[in-house]
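Novice: Turn these sequences into a full structure, and let the hints steer you where they fit.
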Amino acid sequence: MTLAIDARGLRKRFGRTEVLAGLDLAVPSGTVFALLGPNGAGKTTTINILTTLIRPDAGSARVAGYDVVEQGDDVKRRISLTGQAAAVDEVLTATENVVMMGRLSGLSRREAHSRAAALLERFELTDAAGRRVGTYSGGMRRRLDLALSLVVPVSVLFLDEPTTGLDTRSRKELWSVIRSLADDGTTVFLTTQYLEEADRLADRIAVLDRGRVAAEGTAGELKARIGGDVVELRDADGLLLVELPTDGTVHGLRAAIDELDRLPVASAPGGVVSIRRPSLDDVFLAITDRAAAPAPELIESK
Amino acid sequence: MTATALAPARPRLGALTAESTFIARSMRHSLRDVEALLMSVMLPVMLMLMFTWIFGNAIDPSGGYVDYVVPGIILLCAGFGASSTAVSVSRDMTTGIIDRFRTMPLRSGAVLTGHVVASLVRNLFATAVVIAVGLLVGFRPSAGPLEWLGAFGVVALYILAITYLFAAIGLAASTPEAAVGYGFILLFLPYVSSAFVPVETMPEWLQPIAEYQPITPVIEAIRALLMDQPVGDNVLWAVVWCVAIVAVSVVWGAWLFRRKAGRR
Chain A
0 MTLAIDARGL RKRFGRTEVL AGLDLAVPSG TVFALLGPNG AGKTTTINIL TTLIRPDAGS
60 ARVAGYDVVE QGDDVKRRIS LTGQAAAVDE VLTATENVVM MGRLSGLSRR EAHSRAAALL
120 ERFELTDAAG RRVGTYSGGM RRRLDLALSL VVPVSVLFLD EPTTGLDTRS RKELWSVIRS
180 LADDGTTVFL TTQYLEEADR LADRIAVLDR GRVAAEGTAG ELKARIGGDV VELRDADGLL
240 LVELPTDGTV HGLRAAIDEL DRLPVASAPG GVVSIRRPSL DDVFLAITDR AAAPAPELIE
300 SK
Chain B
0 MTATALAPAR PRLGALTAES TFIARSMRHS LRDVEALLMS VMLPVMLMLM FTWIFGNAID
60 PSGGYVDYVV PGIILLCAGF GASSTAVSVS RDMTTGIIDR FRTMPLRSGA VLTGHVVASL
120 VRNLFATAVV IAVGLLVGFR PSAGPLEWLG AFGVVALYIL AITYLFAAIG LAASTPEAAV
180 GYGFILLFLP YVSSAFVPVE TMPEWLQPIA EYQPITPVIE AIRALLMDQP VGDNVLWAVV
240 WCVAIVAVSV VWGAWLFRRK AGRR
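For the protein sequence lines, the chains are A and B, in the order given. Numbering that gives the first Met the number 0 numbers the first residue of the first sequence as 0 and each following residue consecutively. Numbering that gives the first Met the number 0 numbers the first residue of the second sequence as 0 and each following residue consecutively.
What follows is a set of in silico ranges between Cβ atoms, one per label pair, in the way DEER data are often shown:
| no. | chain 1 | residue 1 | chain 2 | residue 2 | range |
| --- | --- | --- | --- | --- | --- |
| 1 | A | GLU89 | B | TRP204 | 45 to 51 angstroms |
| 2 | B | VAL33 | A | LEU238 | 54 to 60 angstroms |
| 3 | B | ILE53 | A | THR125 | 51 to 57 angstroms |
| 4 | B | VAL191 | A | GLU123 | 53 to 59 angstroms |
Rather than coming from a laboratory, the hints here were simulated on the basis of the structure. Beta carbons: idealized from backbone N, C-alpha and C, even for Gly.
Specialist: See below:
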């Protein structure tokens, strides 16, 4: 297995805040890897170190086989970054933006123009190709932003919260684009606060908590970590009354239902019992488990 | 475990590809910001008319003030134009685009070069307009072609120097608004020089400052060349100052670019 990203013991401190406290990451080539965490967990700092924008205080990282500190230019020749703020030139048109990136990536003028036409077609921006980007909607800007990262093929594509601020439709569109890139063999490293996004897109997920990887694995492995199914009891209005984890066996299920019986709320009129698979939300809460942890739903809606 | 790259690496760029791409970008920015472009020409022209028609008679009732003041207006005009560079650079820094450039294998000065060259072109155009208006309102230079060329060279060098300085200030400023503020301070320098009144007429304590600040030799050099007066060592000092400012700004700018880019 070759590693597209191999980070060991990354530390970074800003003033008195330790943002990364010994981060280890191993991302196999050709996979989609999601770094999941709430605001302030250190996701962007991690991306900034891996894309050579800032230096780690300690630890080392290799991206596409090159050291991010010692061989920054070699790394830069093999990656592209779509950051949180849309990195597009608002005064230029979409075509001019793509052509500029193409020229800066070593394409000839002719190649850059034909690449621009193809990319804008793929991202459904052809109709707006001649318009200044300043007039674009958030979703269009995001799509152009991603297009700019794909002007030339890269080994590792970094996406920092690619769908933050997008409506559901644009988000789903972007997901399918990211998936198809991964199918072409590009390693995609993305950060997200959305559990669903990590679940849908990523081959492997690392949960970042207080500057460290708190857990890592496939979505399935992470869910398995907190056991099997969850038995839940809701009242007539659908309000969740009780959640009981079970191990997924008949015996475990019976034990859970027996326990429900003993609870006074179980006799509430119109109560409904159901069984569900644990969600990544459950995993997230179980792993990060902080007294003052904001609920994932709250993080998402932010 | 060794990592291998799947995709071919980006090819190394030709000698000045990045620079010419960024110059084209900044030129488009200049041309599309019609209001700023208009202001960069209108403001110096208005200043010029103000100094010749309103202050001119009070300062020199014989009417010869226009010959004295045009070189000063040219420098003031260069300063205005250059200060807008600080804003453009600062704006680049506060949007995400600078991070995209910084994650590409580009020379760190290339983006700045784009801004500086576009500003130089914009400024030389404004300067030409100012000189044309000056000629209309009675500016009568007595320079030959060689002196014109020399004056043009000094003006261009000065614009380059102050533009590069403003580009670096744009990097240092935390917001585009702050960049405007810093620009204002520097725009006062021409007033404390021989641009509008001879240094001898200033209070004694101010004279050394006015005498030895960089703008005075630049002004005197342009004035001497255009009015066909003895140049003395003014051209030499003007060149020395400008080259020094460019050198400091280039080094400072490159350092700032590496250090500060990406703050948000």
